[in-house]
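**Student:** Single-letter residue listing:
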Amino acid sequence: MMLYDAGKIIAGLVIFAAFFTVPFWYGGGKTSEMPKLELTAQARQAGQCVEPKERMRQDHMQLLDDWRDAAVRDGNRTYTSSTGKSYTVSLQNTCMDCHSNKDKFCDRCHGYMGVSQLYCWDCHLDPTEEKTVWASTDGNS
Amino acid sequence: MGFDRREFIKIAGISALAGLGSRAAFELLQPGELEATSASYAANQGALNAKRWAMVIDMQKCLPQEGCKDCMHRCHRLHNVPDFGNAKDEIKWIWKEAFAHAFPEQESEYLAERLHHEPFVVLCNHCANPPCVRVCPTKATFKRKQDGIVTMDMHRCIGCRFCMAACPYGSRSFNWRDPRGRNAQGEPFLEEINREYPTRNKGVVEKCNFCVERLAQGKNPACVEACRHGALVFGDLADDHSEVREILREHYTIRRKPELGTDPSVFYIV
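Read top to bottom, the protein sequences are chains Z and G.
With my numbering applied, the first sequence corresponds to residues 20 to 160, in that order.
With my numbering applied, the second sequence corresponds to residues 136 to 405, in that order.
These are computed hints drawn from the structure, not numbers from a lab.
None of the values given here were measured: they were computed from a predicted structure.
Heads up, some of the hints might be wrong.
Sample of chain G residues facing chain Z (criterion: CB under 8 angstroms; computed from the structure) [what the hints assert, rightly or not]:
id	residue
1	A178
2	T334
3	R335
Some chain G residues flagged as far from chain Z (calculated, every beta-carbon gap over 10 angstroms) [as the list claims (entries may be wrong)]:
id	residue
4	D288
5	I293
6	G294
Glycine included, each C-beta is placed from N, C-alpha and C at the ideal position.
Make the full structure from the sequences, and use the hints.
**Tutor:** This is the structure in structure tokens:
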């Protein structure tokens, strides 16, 4: 086998491999622990989410999209889940009523998974946030 | 291998046919209910329904209550409508307009002489033929099929303001500033917050929604409920026996700029 410029190519490959695996070396080869999610007393008492946990974990973004179209565009504000229970279709008044500890629930997982800050809270009220936290100075920011 | 081109094409053809006939391919070409869930959506029980919601505003009851702003305060507080403190940036769902401005086409008549400067309560007319809906490029503003309410899907608003140019009634306001912000004196634009309803953010348009969220809960619009003088009446224009139809039968009423062909759903007793 012939390999022209073998030295350069091999050096290049080594550098590439080193760069590519930096995050791994940097982390000392360990994966970071998934932070523990906390449930509010209210959620614990309910014992279940609007849909089974696995589905919620995977599909809650899709469910929220469906909820928003159902409530806003179709005027359908009662959701009967596959578990047979009925819920009012509302991010602010239903999801966040049970998960009112947003910082220790939604935010914790999103932070770990690298989901960027949700713009939903520009309009929907964040249960953990008092009005005083809002845009500190003028409204032109 | 004794495998000529003729034979290869034959086998390929047969395989393709067999493949098409298979169950997976069938479902690919004819998507069915592969993943049907048993979850479902419905309107709330006890919600108020109509074919075409409408309002009659009795100015003979309203005008004597000089300075009263109960309807406006209630609406703006419940919907987290900010007060930016200047007329240029004002966000308006329901407000007062001098008769001469609200009804310019009546200007030349003697009626106008009496009413010229009188403040009239105005809001979105929930037109049957709404120009704002026609111009919206994202369908953020739409007319509800079920009851004719002209409302907004805030999630789709891109802030282009075509609707503001199209609306002949000034019923739409743009958020030039962040409603959650504060003015130069450090006072918040939102004095009080209703935690059950969202705010808006900088860069979207907003308007009166005839309280769709309250109708869904079986409640009348906030302004109607707030008026202690019975000047605002809400009901179904398509129902012969509704209170609004009763009033329209018995009183002479006018609408704002009907000559434009928008077919407003808000009527005024003058």
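**Student:** Each of the hints needs a verdict: does it hold here or not?
**Tutor:** Results of checking the hints against the structure:
| no. | hint | result |
| --- | --- | --- |
| 1 | A178 | holds, 6 angstroms |
| 2 | T334 | holds, 5 angstroms |
| 3 | R335 | holds, 6 angstroms |
| 4 | D288 | violated, 5 angstroms |
| 5 | I293 | holds, 14 angstroms |
| 6 | G294 | holds, 13 angstroms |
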